[in-house]
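J.: Go ahead and model the full structure; you've got the sequences and the hints to work with.
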Amino acid sequence: MLSLDDREWADFRIVDLFKPERGTEKNMASLGSGDVPLISARNTGNGVKAFVDVSRERLHNGHVVTLNNDGDGGAGLAYYQPMSFALDTHVTALSPRNPLSRQVMQFVAAAMSEQRAPFGHGHSISSKRLRALKVRLC
Numbered sequence: 001m002l003s004l005d006d007r008e009w010a011d012f013r014i015v016d017l018f019k020p021e022r023g024t025e026k027n028m029a030s031l032g033s034g035d036v037p038l039i040s041a042r043n044t045g046n047g048v049k050a051f052v053d054v055s056r057e058r059l060h061n062g063h064v065v066t067l068n069n070d071g072d073g074g075a076g077l078a079y080y081q082p083m084s085f086a087l088d089t090h091v092t093a094l095s096p097r098n099p100l101s102r103q104v105m106q107f108v109a110a111a112m113s114e115q116r117a118p119f120g121h122g123h124s125i126s127s128k129r130l131r132a133l134k135v136r137l138c
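When the letters of the sequence shown are read in order and numbered with the working numbering, they come out as residues 1 to 138.
None of these hints come from the bench; they were simulated from the model. The model shown is predicted, which means the values in this text are computed figures rather than measured ones. Do not rely on the hints blindly, as some may be mistaken.
Straight-line alpha carbon distances no greater than 30 Å define the calculated BS3-like cross-link-like pairs of lysine-lysine that follow [claimed, not checked]:
1) Lys49 to Lys128
2) Lys26 to Lys49
3) Lys134 to Lys26
4) Lys128 to Lys26
5) Lys134 to Lys19
6) Lys134 to Lys49
7) Lys19 to Lys128
8) Lys49 to Lys19
If you anchor each label on the Cβ, the simulated ranges turn out as follows [what the hints assert, rightly or not]:
9) Ser33 to Leu4: 38 to 46 Å
10) Asp35 to Asp6: 24 to 32 Å
11) Asn46 to Gly120: 19 to 27 Å
12) Glu114 to Ser55: 32 to 40 Å
13) Ala10 to Glu57: 37 to 45 Å
14) Ser3 to Arg58: 38 to 46 Å
15) Thr24 to Ser3: 37 to 45 Å
Every residue, glycine too, gets a C-beta built ideally from N, C-alpha and C.
T.: Structural data, given as structure tokens:
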């Protein structure tokens, strides 16, 4: 089994590893039922709030990490999204700047989620805070 104790760890700025894009779905209640996952700032279910019907132009590509900007208990959580999805305004999609495997993306999402403690309704992950946010990786 791989040991992480014998590795060199360093802090990396998230925006150096990923290109951030804020969600655009503002009125989620107006979305009809469908087969596209709607990612919201939830603390369960990989962030999936519902399955909705949206146009292709409003879809985000899969193989990204989503980061909850705020939310009740979900702020600071990160999830790997393997398939295309719709994204609400309380979440940021993070597309890798360089090719990364699914396993690496899942590891990074877990490492990001470990740093969620300071975030919540009174202290959300704004664009400015995201630019300063780092993740420890080996």
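J.: Would the hint linking Lys26 and Lys49 be met if the CA-CA limit is 30 Å?
T.: The given pair, whose Cα atoms are some 13 Å apart, holds under the 30 Å limit.
J.: With a cut-off of 30 Å on the C-alpha distance, tell me whether Lys134 and Lys26 pass.
T.: 28 Å, holds
J.: Are Ser3 and Arg58 spaced within 38 to 46 Å by their CB atoms?
T.: 43 Å, holds
J.: Quick check: does the Cβ-Cβ distance between Asn46 and Gly120 fall within 19 to 27 Å?
T.: 20 Å, holds
J.: Given the hint of 38 to 46 Å, check if Ser33 and Leu4 actually sit that far apart at their C-beta atoms.
T.: 42 Å, holds
J.: Going straight from one Cα to the other, do Lys128 and Lys26 come out at no more than 30 Å?
T.: 21 Å, holds
J.: With 32 to 40 Å as the target window, see if Glu114 and Ser55 comply at their CB atoms.
T.: Taking Cβ atoms as reference, Glu114 and Ser55 lie about 36 Å apart, which means the hint holds.
J.: Has the given pair, Lys134 with Lys49, been kept, meaning a C-alpha gap of at most 30 Å?
T.: 27 Å, holds
J.: Tell me if the straight-line CA distance from Lys49 to Lys128 falls inside 30 Å.
T.: 26 Å, holds
J.: Decide if the proposed pair is consistent with the structure: Lys134 and Lys19, CA atoms, cutoff 30 Å inclusive.
T.: Given that 30 Å is the threshold and the Cα spacing comes to 14 Å, the pair holds.
J.: Between the beta carbons of Ala10 and Glu57, is the distance compatible with 37 to 45 Å?
T.: 38 Å, holds
J.: So the hint says 37 to 45 Å: do the beta-carbon atoms of Thr24 and Ser3 match that?
T.: Given a distance of about 42 Å, which is inside 37 to 45 Å, the answer is holds.
Taken one by one, the earlier hints fail for this structure only at number 10.
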